[in-house]
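Q: Here are the chains, one letter per residue:
There are 2 protein chains.
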Amino acid sequence: MISSRRPLLVHPPAGSLRLVDVLHALADPTRLTVVRTLRDGGERACGTFPVDVAPSTLTHHFRVLREAGVVQQREVGKHRWTALRADDLDARFPGLLDVIMASAGEPAVGPNGAQV
Amino acid sequence: MISSRRPLLVHPPAGSLRLVDVLHALADPTRLTVVRTLRDGGERACGTFPVDVAPSTLTHHFRVLREAGVVQQREVGKHRWTALRADDLDARFPGLLDVIMASAGEPAVGPNGAQV
DNA sequence: GTCTCCTTTCGACAAACGTCGTATGTTTGC
DNA sequence: GCAAACATACGACGTTTGTCGAAAGGAGAC
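Protein chains in written order, with the working numbering: chain A, 1 to 116; chain B, 1 to 116.
Treat the hints with caution; some may be incorrect.
So the derived label-pair ranges between C-beta atoms look like this [said to hold, decoys possible]:
hint	chain 1	residue 1	chain 2	residue 2	range
1	A	R39	B	H11	40 to 48 Å
2	A	H79	B	D98	33 to 41 Å
3	B	P50	A	S56	40 to 48 Å
4	A	R74	B	P55	44 to 52 Å
For the record, the hints were derived by calculation from the structure and aren't laboratory data.
Yeah, the Cβ is synthetic: ideal placement off N, Cα and C, and Gly gets one too.
Given only the sequences and the hints, what does the whole structure look like? Please build it.
A: This is how it looks when you write it as structure tokens:
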């Protein structure tokens, strides 16, 4: 038989995504950076994200995003490619990703000089 | 007079709300229920929300929501009135609250009818 | 074959979270 | 003045989270 490959990557079906899980997944600066990077540049290998955390930490964040249904991952060779489930998210929660990405793109500094 | 002698309720200015804080505040079923109740029915006293947690727990959730800038509270007599900062949120993160509330209203129903 | 690269899993840790019961303080009403 | 109603503050508890380093394992290159 075919060798049992790596542990199967579980992805929740598009129809069963839960809002609280998605919000929780996005309520973290590192994960928000990951999502925005995917949004801007499309599918990516894990090691190519502009975040400053240990590889094992990044794996943890990917699992949170994956189990919430925000991203999907597939394996090709020795790389694991990660992509945004933009269509699924938009089908389940129309406009949510767009609005959050637009808000995340805003500078943390207010127009009147307010900090953060 | 309007002001009270109780410890002053601190509310972050509208321009300095942080997206991750708002998302984190909304990434909880109880708090999401509170926000939706405010959205539907306007200002309310603390004890009148359709949630099933201890009063002290509810106070904790109100603080999370208040410090994230999602709600504001004012005191009148022996009641504390809580209101949604819909305008401030929409100014800082346009459309965010609308989209999340719309998503929260979707048929995501849990086992015991819990909303998501 | 061996070796290297990429990513994950496995503890481990401190910090934060959600929950509660009890005590405290304020306001209203008797 | 005294008691009840409303909401908070405090302390406590178990769980979850974000973080890391070390070890493991598959895929491709040599």
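Q: State for each hint whether it applies.
A: The hints, checked one at a time:
Hint check: R39 (chain A) to H11 (chain B), Cβ distance near 31 Å, so the stated range 40 to 48 Å is violated. A beta carbon spacing of about 39 Å between H79 (chain A) and D98 (chain B) agrees with the range 33 to 41 Å that was offered as a hint. The supplied range of 40 to 48 Å is met by P50 (chain B) and S56 (chain A), whose beta-carbon atoms lie about 42 Å from each other. At about 48 Å, the beta-carbon gap between R74 (chain A) and P55 (chain B) stays in the expected band of 44 to 52 Å.
In this structure, only the earlier hint numbered 1 is contradicted, and the remaining ones agree with it.
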